[in-house]
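**Student:** Sequence:
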Amino acid sequence: MQKPSIPKGTRDFTPQEMANRNYIFDTIKEVFRLYGFQQIETPAIENLSTLMGKYGDEGDKLLFKVLNSGDFLAGLSEDELRSSTKLTPKISEKGLRYDLTVPFARFVVQNRDQISFPFKRFQIQPVWRADRPQRGRYREFYQCDVDVVGSDSLLNELELIQIVDDVFRRLKINIIVKINHRKILSGIAEIIGQTDKITDITVAIDKMDKIGLEKVNEELSSKGISAEAISNLQPILKLTGTNDQKIEQLRLVLSDSEIGMKGISELETIFGFCKTVDVETPIELDLTLARGLNYYTGAIFEVKALDVEMGSITGGGRYDNLTGVFGLEGVSGVGISFGADRIYDVLNQLNLYPETSAEQTRILFVSFGEKELIYCLSWLKYLRSEGINAEIYPEPVKMKKQMTYADNKQIPFVAIVGEIEMNAGKVMLKNMETGNQSLVSLVELIENVR
RNA sequence: GUGGUCCUAGCUCAGUUGGUUAGAGCGUCGGAUUGUGGUUCCGAAGGUCGCGGGUUCGAGCCCCGUGUUCCACCCCA
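Take 1 as the starting number for the first sequence in this note's numbering and just add one per residue.
Simulated from the structure, these hints should not be mistaken for lab results.
The structure displayed is predicted, hence computed values, not measured ones.
Here a beta-carbon is modelled for each residue, glycine too, at the ideal position from N, C-alpha and C.
Hints are supplied without guarantee of correctness; some may be wrong.
[Unchecked claim] Computed cross-link-like contacts, PhoX-like style, restricted to lysine-lysine with a CA-CA straight-line distance of at most 20 Å: (1) Lys210 / Lys238; (2) Lys29 / Lys172; (3) Lys197 / Lys215; (4) Lys8 / Lys65.
[Stated by the list, open to error] Each pair of labels, with its calculated beta carbon distance range: (5) Thr10 / Leu352: 20 to 26 Å; (6) Glu447 / Pro126: 41 to 47 Å; (7) Glu355 / Asp256: 55 to 61 Å; (8) Pro118 / Glu386: 39 to 45 Å; (9) Gly36 / Glu386: 30 to 36 Å.
Construct all of the structure, not just a fragment, from the sequences and the given hints.
**Tutor:** This is how it looks when you write it as structure tokens:
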């Protein structure tokens with residue numbers, strides 16, 4: 001017999017774990033709806049043509065590809081069989097979704113006749129990445145995306161920040177929102193005369209936190225960025241002070257860059273909005289925040305948990321033309337993605353789950369024979385019609401066994417039914433916590449259990 | 001993709017310089033208790049020591065390969 005196992009980076013979830021996970025999903029959903037977002041779903045598999053080339057070379061490598069059906073090797077030449085880059089497109093035309101944003105862009109383009117803009121959607125589904133699993137990193141994990149497309153207004157950015165504030169307040173996780181702007185990063189590249197190196201620059205300074213200033217400079221240098229440019233970059237990397245102070249300093253440095261100044265003014269607007277509505281969560285302008293995905297064009301966000309060592313638990317930003325690659329130009333979008341599994345890890349480490357779980361059985365019927373089982377059925381039906389979670393132990397086995405079942409499932413009430421109870425038209429109701437029990441009628445039962 | 005690390009019962013882990021028949025706790029099942037769980041006591045089941053090869057009279061222990069776990073890099077939620 002083989003030992004069963006699951007693929008690396010995937011997990012099973014027990015009933016208790018699912019109760020905890022649903023607490024997260026339900027909280028997030030509730031907040032999303034509060035802001036007027038509507039749920040959609042898209043398929044787990046997409047055409048590879050939809051996915052490839054949207055996440056950079058690295059992303060393409062991390063896509064799970066699905067083998068074609070049938071004799072997929074038929075008619076292939078020697079040459080094609082030997083090169084995996086030539087072979088892959090021949091034998092696989094579908095892949096598992098890598099995130100929810102690109103499938104959403106596809107959805108918008110394909111269903112534009114049924115969508116009125118601005119379109120506010122949320123989507124909670126698993127995504128798959130052929131990454132090496134490690135702490136906070138899985139091959140299958142859930143993202144909870146909220147996006148607004150078809151509106152350039154920075155009020156959307158504000159609402160996303162409010163949603164973040166709201167969700168993590170409800171989950172009782174202390175966070176900091178880091179914010180940056182792609183146009184400011186572009187402005188910086190422009191000022192130091194390295195516009196073509198914008199990706200290398202952002203990737204390098206994204207690591208400031210992790211590897212420090214010196215190593216970042218080394219990496220910049222190894223990417224072929226001149227010593228002069230690196231030296232021009234230093235004041236920006238070392239920016240300190242409040243957000244307002246940082247913006248003042250940036251305004252000086254970027255005064256000759258039109259795009260940079262545009263970014264500054266957008267961020268100022270967003271900060272202004274946040275003050276207007278009193279967002280309490282700390283928000284920090286962090287120029288080292290770059291985010292890998294290259295489709296962002298405006299504000300970019302990232303959320304870090306303050307009390308736990310963990311990668312970002314939420315992230316997103318504005319992308320001006322995501323639908324362009326699918327043939328719909330001029331639709332701007334902004335969105336964020338809550339990493340449900342990392343949030344789950346944070347909650348587990350801090351043990352922040354609420355005491356009560358609504359998914360529990362309230363009362364278990366325990367019986368001694370076939371007649372008693374039948375007697376219980378109408379009671380069960382009535383309790384359920386009253387919205388009380390009730391179940392019956394389906395076999396009249398030894399009482400100890402049935403009681404243990406109730407105990408393990410932490411069911412607070414047990415109704416014991418034998419001949420005495422049946423003859424009286426009642427049940428013996430036992431409170432499992434106190435151990436007290438009494439003979440009760442149906443009406444009394446509901447009063448006690450509810 | 002690169003480097004390191006872990007793996008012994010369902011779970012958490014002991015296991016001496018390589019030496020007879022591999023242990024414990026928890027959990028499971030049965031009994032003490034024919035209509036009463038969470039406490040207690042007694043008993044039982046449960047293992048190809050990740051897998052494959054090698055060294056040896058003899059391998060859970062040493063060597064090689066491989067898978068997996070966790071960690072770091074790359075990248076990312």
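**Student:** Decide, hint by hint, whether the structure agrees.
**Tutor:** The hints, checked one at a time:
This hinted pair checks out: Lys210 and Lys238 have alpha carbons roughly 15 Å apart, not beyond 20 Å. Restraint check for Lys29 and Lys172: satisfied, since their Cα atoms lie roughly 16 Å apart, inside the 20 Å limit. In summary, the hint linking Lys197 to Lys215 is supported, as the alpha carbons are separated by about 18 Å, within the 20 Å threshold. With a C-alpha separation of about 16 Å, the suggested pairing of Lys8 with Lys65 holds against the 20 Å cut-off.
A C-beta distance of roughly 25 Å is found between Thr10 and Leu352, which places it inside the suggested range of 20 to 26 Å. A hinted range of 41 to 47 Å holds for the C-beta pair Glu447 and Pro126, which are about 43 Å apart. A C-beta distance of roughly 59 Å is found between Glu355 and Asp256, which places it inside the suggested range of 55 to 61 Å. Pro118 and Glu386 have their C-beta atoms about 43 Å apart, which keeps the hinted 39 to 45 Å range intact.
For the pair Gly36 and Glu386, the supplied restraint of 30 to 36 Å holds, since their beta-carbon distance comes to about 34 Å.
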